[in-house]
Amino acid sequence: VLIEIGHFALVLALLATAVQGIVPLVGAGVRNRALMDIARSAALLQFGLVAFAFATFIHAHIVSDFSVLNVFENSSLEKPMLYKVTGAWGSHEGSMMLWVFMLALFGALVAGFSRGLPASLRARTLAIQGLLGFGTLLFILATSNPFARLFPVPADGRDLNPLLQDPGLAFHPPFLYFGYVGFSICYSFAIAALIEGRVDAVWARWVRPWALTAWCGLTIGVAMGSWWAYYVLGWGGWWAWDPVENASFMPWLLGTALLHSAAAVEKRESLQRWTVLLAIMTFGMSLIGTFLVRSGVLTSVHSFALDPTRGVFILMLIGIVIGGGLLLYAWRAPALTAGSAFAPVSREGALVLNNLLLAAGMATVFLGTFYPLFAEVWSGVKLSVGPQYFDATFVPIVVPGLAAMTIGPVLAWRHGSLRGALRRLWPALVGAALAPLAVWALAPKSSWAALGGVALASWAMLGVLADLVDRAGLGHLPAATVWRRLCHLPRGTWGYAIAHFGVGVLIAGVTVSTAWKSERIETLRPGDTLAIAGRTLHFQGVDEGNFANYRFERADIIVDRPGVAPLSVHPERRFYPIAGSSTTNTSITTNGFGDLYLALGDADGKGGWVLRAYYNPLVPWVWFGALLAALGGVVSLSERRAQRQAIRVRAAPGVAAQAADPG
Amino acid sequence: MIRCLLLAAVLAILLAAPAARAVEPSERLADPALEARARAISQELRCLVCQNESIDESNAPLAHDLRLLVRKRLLAGDSDRQALDYIVARYGVFVLLDPPFTPATWLLWLGPPALLLAAGAVLASRVWRRRPEPPAALSADERARAERVLGERA
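The listed protein sequences derive, respectively, from chains A and S. So the first sequence is numbered by my numbering: it starts at 4 and just counts up by one. So the second sequence is numbered by my numbering: it starts at 3 and just counts up by one.
If you're looking for bench data, these hints aren't it; they were derived computationally from the structure. Quantities reported herein were computed from a predicted structural model and do not represent experimental measurements. A couple of the hints might just be wrong.
[What the hints assert, rightly or not] Quick list of in silico lysine-lysine cross-link-like pairs, DSS-like style, CA-CA up to 30 Å:
| hint | chain 1 | residue 1 | chain 2 | residue 2 |
| --- | --- | --- | --- | --- |
| 1 | A | Lys-448 | A | Lys-520 |
| 2 | A | Lys-609 | S | Lys-74 |
| 3 | A | Lys-520 | S | Lys-74 |
| 4 | S | Lys-74 | A | Lys-385 |
Just chain A, with the same shape it has in the complex:
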């Protein structure tokens, strides 16, 4: 019965979103406070109902209630408990539940933490959020009912796709969806602002924390996805420009642009229209990302045509959200006040460049991802767009942006001096010139691209350090003053510094792991050895056995490296009989500066096993860098909390948000 109650709660939530989406909009139109305030209670009620429905759904997975079709298709009795829980969002229906749960969660957060937000703006924002919830809930109830029953009840389920039975993938969707859906708040704020006809610093101060929150989640989500691909797919790569990866990367690129342009609105009341447009498109890309991956249209037009109901619904939803947003934008944006002017060389100018390159990069990824689909639909030509295309187009677009990333933060608002900026950054300039020379001296056969990447990475990392040194006055002020200055730097500055340094770390990881990886693929018998990157691998043999819901073949390999104690590692292959498929469980030994990556291949039937061994230098930095960037976002966010609390102490609530711009 719990399942039916959950289903019923979902239907009630649909009704709640309808109320949330309509009544406050009317209320804001006729300036009726009571009608506007319904938005808050409706948002909280909707969250309660959706959370309850989601909880009953997870419960069905935990207790393996195979009378629920979704549980039968995605679970089994033998499956470890962790994956019974996380398997709840492993299927299409479950992931839609997670999506709508996040949507309701963000709505409830805005409802709960918006004291001081102008009443009509809050009502309209929550109403738009309610309408988004209405569309998604309607989609779930009409085409993807997670509570569908099955009769007669089977004794055991079909098990979850083994690739998903992995800690990395178990927690990848929640972060990713947290990011995707977090941008819905920015969308709702943007639409509400268009209706109100006002985009100013107050608006930006409300939007930016949400954009930052969503962006941090998305950054971690994308990084986790790439990490998962790295250790599961068994060939040592971490990014393949796969449509599914691109789908998460596109909103990330636009979200990054949004984050930066919202800063210009907040500090200088510039770039308002553009920021609103970015807010609409970022969430639009999140929608396209989630739904097109889920509809299967990216994988193949044919799997889409096989079950078009969902796909058509999805396309309509995307059309309404993006098309409606853009129409409203075209109609109302000209009425928004023009931003304050700035010189081409200024902080704003650098942010425009950042936005231009990120948006163009996003458009390139979009074109490359969808071109095969369009080409096939329109002209019947079947073609492929692989990594070579993205390397040739996307990389040249973002590299200038990455180089400018170091300069932008040291330029003054409104009117900056490039010479002054470069003078402040001179140590970084010297470092960026010397680093590739040093690498070239050590490895004369390095490619230009690799040396360029080294220069770019050093420029980004040293640039941040040079800026911090300059801000603290290190070198010409007494140590105590330097320390005090560093302690008094705003957290927003620390946030930028950590995030931009993280990007530098990421560039280093990308460059070095791509340019200097080593690979050995050999057939080994027990007793054989294989040498790679200064290590000797002693292949001992392969054990076989059963565990939980799979069979395994596990190699025993001893890694010998001069000066270090020998290490025993176990790359493994698993076969999941119920699901009828197998996975590679690679062995990765890392020291933070490089990974020894081993994947066990097929047996040759004559006592030998194929072993794929890779040494990937600096590859962990790809994820360290991404995590640092996300950490920078969190640090920036913490400033806003501190600031708001300080304002709250000084002023009565309600006045707080309207207080003069401190920037």
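Could you slot chain S onto chain A? The hints should help.
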């Protein structure tokens, strides 16, 4: 219902790509230079039955056959271009991961630079037109007042 199950089954098969991947030791050519060329070519060819994988990464039987075919052509003395053309003649342009520049892909290849240039030009002209007057230098009177205020703060 049955259709859904069928779809799920097809997806499951597609997703559950078999475990270990890529080129096998037994396929390798004796000549390292030739083998390196074969690997480079393999990375440009799509495994036709997989999701967005090159034949170098995939262990589908078809990818295995194509890897052997590439090596056979190279052994027969083909240039890289000839080997690629040979495969394209049999499997169509779809097999190329790096789409060639043809009328069908003009938009694909020219789109990004065109967009960047157009958007860059529009933005640059707007920013340039709306640039503010550089701030005027302070008069002696203003300077004196500014120094007084700054002096009080310090």
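Holds or violated: Lys-74 of chain S and Lys-385 of chain A, Cα atoms, limit 30 Å. Holds, at about 26 Å.
Taking only the CA atoms, is the gap from Lys-609 of chain A to Lys-74 of chain S under or equal to 30 Å? holds (26 Å)
Within a Cα-Cα threshold of 30 Å, do Lys-520 of chain A and Lys-74 of chain S meet the stated pairing? holds (28 Å)
Is Lys-448 of chain A within 30 Å of Lys-520 of chain A, Cα to Cα? Given that 30 Å is the threshold and the Cα spacing comes to 14 Å, the pair holds.
In the structure shown, no violation is registered for any of the earlier numbered hints.
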